[in-house]
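Start from the sequences and build out the full structure, keeping to the hints where you can.
Note that the protein sequences, when read in sequence, are chains E and Y.
If you count the first sequence from 1, you need to add 1030 to reach the numbering used here.
If you count the second sequence from 1, you need to add 182 to reach the numbering used here.
For the record, the hints were derived by calculation from the structure and aren't laboratory data.
All the pointers check out, no bait thrown in.
As a list, the in silico SDA-like pairs of lysine to any residue whose alpha-carbon atoms are at most 25 angstroms apart:
#  : chain 1 : residue 1 : chain 2 : residue 2
1  : E       : LYS1223   : Y       : GLY221
2  : Y       : LYS191    : E       : SER1229
3  : Y       : LYS424    : Y       : GLN348
4  : E       : LYS1223   : Y       : GLY224
5  : Y       : LYS191    : E       : GLY1232
6  : E       : LYS1233   : E       : ASP1126
7  : E       : LYS1227   : Y       : PRO266
8  : E       : LYS1253   : Y       : VAL236
9  : E       : LYS1223   : Y       : ILE222
10 : E       : LYS1227   : Y       : LYS191
11 : E       : LYS1227   : Y       : HIS251
12 : E       : LYS1223   : Y       : ASN240
13 : E       : LYS1227   : Y       : GLY224
14 : Y       : LYS194    : E       : GLY1232
15 : E       : LYS1277   : E       : THR1366
16 : E       : LYS1227   : Y       : VAL196
17 : E       : LYS1227   : Y       : GLY221
18 : E       : LYS1227   : Y       : ILE222
19 : E       : LYS1233   : Y       : HIS199
20 : Y       : LYS194    : E       : ARG1238
21 : E       : LYS1227   : Y       : GLY385
22 : E       : LYS1227   : Y       : PRO190
23 : E       : LYS1227   : Y       : ASP382
24 : Y       : LYS191    : E       : VAL1225
25 : E       : LYS1253   : E       : TYR1191
26 : E       : LYS1233   : Y       : LEU237
27 : E       : LYS1233   : Y       : SER207
28 : Y       : LYS194    : E       : VAL1225
29 : E       : LYS1223   : Y       : VAL236
30 : E       : LYS1223   : Y       : LYS194
31 : Y       : LYS194    : E       : MET1247
Residues per chain are reported as follows:
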Amino acid sequence: MDKTLISGNWACGEAAIRAGCRFYAGYPITPQNELTEYMAEHMRQAEGGTFIQAESEIAAVNMVLGASAAGARAMTSSSSPGISLKQEGISALAADELPAVVVNMMRGGPGLGNILPSQGDYFQATRGGGHGDYRTIVLAPSSVQELADLTMDAFDLADAYRNPVMILGDGMTGQMMEPVVFGKPRPRHYSEKYVLKGSGEGKSRFIRALILDALRMEEHNWKLVRKYTVIAQKEVRFETFRTGNAKLVIIAYGIAARIAKGAINRLRDSGYKVGLIRPITLWPFPAQIIRDTAERIGKFLVFEMSTGQMLEDVQLALEGRARVSFYGRPGGVVPTPAELAKAIVQEYQR
Amino acid sequence: MKKVFSRPKSLKNVAFHYCAGCGHSITHRLICDAVDQLGIRGITIGVPPAGCAVLAYNYFDMDMLEAPHGRGCAVATGIKRTLPDRVVFSYQGDGDLAAIGTAETFHAANRGENITVIFINNAVYGMTGGQMAPTTLLGMTSTTSPPGRSAILDGHPIRMSEILAQLDGATYIERCAVNTPQNILRAGRAIRKAFQYQMDGVGFTMIEVLSQCPTNWKMTAAESCRWVDEVMAQTFPVGVIKDIGKGERHAD
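Set out below in C-alpha cells:
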C-alpha cells in the first residue's frame, strides 16, 4: 500500500476521483481552494471527467444537480459562506432524491467571518440547511486519512439513499498534510432507471420538486422521512477513545476531536480518567452510544470550535440523564490540547 | 383530404393550464414541432423553470428536469456536459432568466455551453400575479410598479438578447414573437435552427419569444397580440440579433 503525504483538500479530490466522481463544479473560496484546483487538473485527465469553474456557488450546485440527474457521480465543494449559497441546490437535490457530495471546509463566521478553521456550521449541516423538511447525511473527518476514506464512502451513501451527503471538514482538515493510503475504487451501484438521459423510444420522465397538491406534497415528505429513518438506523458512525473506566467523557468531532485526544492522552498520563466519544456521522447523530455511556458515566464535556451547537444534540440525547458542560472557541480560534486539558480538569474536579 | 396541421407527437394530449391567449402554449407547440421535425424526442432533455411554465413537464412528452428559480442554464450545463450527445434546452421566463438567473444565463452563454435557451419575454411576472419584470416597459403598470415603471426608480427594461449577443460564446440569438401566424411560423423556424446549431455542437443559442400575457396586461387576447407589435416590439425589436452563420443547411 502506497502512502502519500498529501493535504486534506487534495486528498479529498483524489479520493473523489478514485470513487468515480466525474463531474465537479466549484467556485474559489478559502480555505478549500486547493480542492477546486486539484479537480481542475485531475478531473480533466479522468476519462469522461468534467471540471467547471462556476460563476458562483449557486451555479455550481445547480450544475451538480443537472449532472447528477444525467447520471454522473457529482460533487461540489466550498467553505461556510459559499455553503450558505448552495443551500437552495442542496434542498432541491434532497427533494428530487438525487445523489451528490457537497464538501464544506468550514471557516469562521457568521457573515464573511474569516478564513480560519471553525465548526460554526454544525446547525446548518445537520438540520438540512436549506428550506423544507429534509436531511443530509453529514460526515465529519478528523484526519486526512479519514477525509479520504469518508469522501469515497460519501459517494456510495449518496447513491444508496439518493440523497446529498455533506463532508463537514474545516480549514485545518483541508489544509494540513498527512500520510494517506487511498482506498481502491469500487464499482458503482446505481440503477440506470434513475438516470435522466432522454426517453429514447420509451416513456418520458420528469424530475421535479414542485408538488402543488398538498396531500401529495405531504406524502412526498413522509416518503423522505421513511428514508431518513432507515439512514438513522443503519448509518450511525462514531469512535470511542479511552472511555473504559472514564469518569468524564469528552464529546467532540472533526479536528476538535483530534485536539481532545491530545488533551486526553496528557490527562490520562497524569491519572485523570477521561475519554472521548467522537461522532463521525453528525447526522444521523450517534445518540445511543451517548445514552449508553451515561448509564455508567455521569459527566460529559462537549468541546466544539463554536459557541455550542452539537451541544444541543448531546443534551437531546441525554435528556437530563447526565451533567453536560461545554467548552468552545468560535471564530477561527484553534485551542491547544493544553488549553483544553485545563478546561477538562476544571470540570473533572467540580 | 390533406392533413396540414396536427398536434406534434412530442406534445402530450392534455389541456394546457395557461390562460386564454397566453403565448406559452403556442411556444410549447413550436418547440415540440421542432423536436418532431428533427426526430430528436428520444434524445432531448428539457429544463423547465419556476414561473407559469413550471408545469411544462405536463405537456412536453420528453425527459425533463425542473430547475430551481433562475438556474435553468446551470442545470442544463450539468446535463449537457454529462451527456454531450443529447439535445438540452432550458425554458425560462423574463424574471427567471433576466433577474434571478442573470448570472447563470450570462456565464452559460459566455462559456459557449452547447445548449439552447427558449426565453419567454412577456414583460411581467405572470405566475406570481403580475409584478414588474426586468423586461417591463417604461411606463407600464404592474402590481409592483403601480404608477408605471419609472426609469429613475425602477431602472430600464433589459434587452438580454442584445447583451448576450456581445459574448463570444453565443452563436445564434433571435428575437421572435407569437402574436401573428407569420411571426409564429418564423419563431418555429428559429427554434428548429437553434436546435440544429446545438446538434452541430456550435455553442450557445437562444430564442427570445415576445409572448402575450393578456391576463396580467389586462387586455383581451386580440388586444394583447396587437400590443406586442405596436408597443412591445418598439423596445424589443424582433429579428436576428446574432448569427455566426452555419451555411445553407440552416437557411430559413
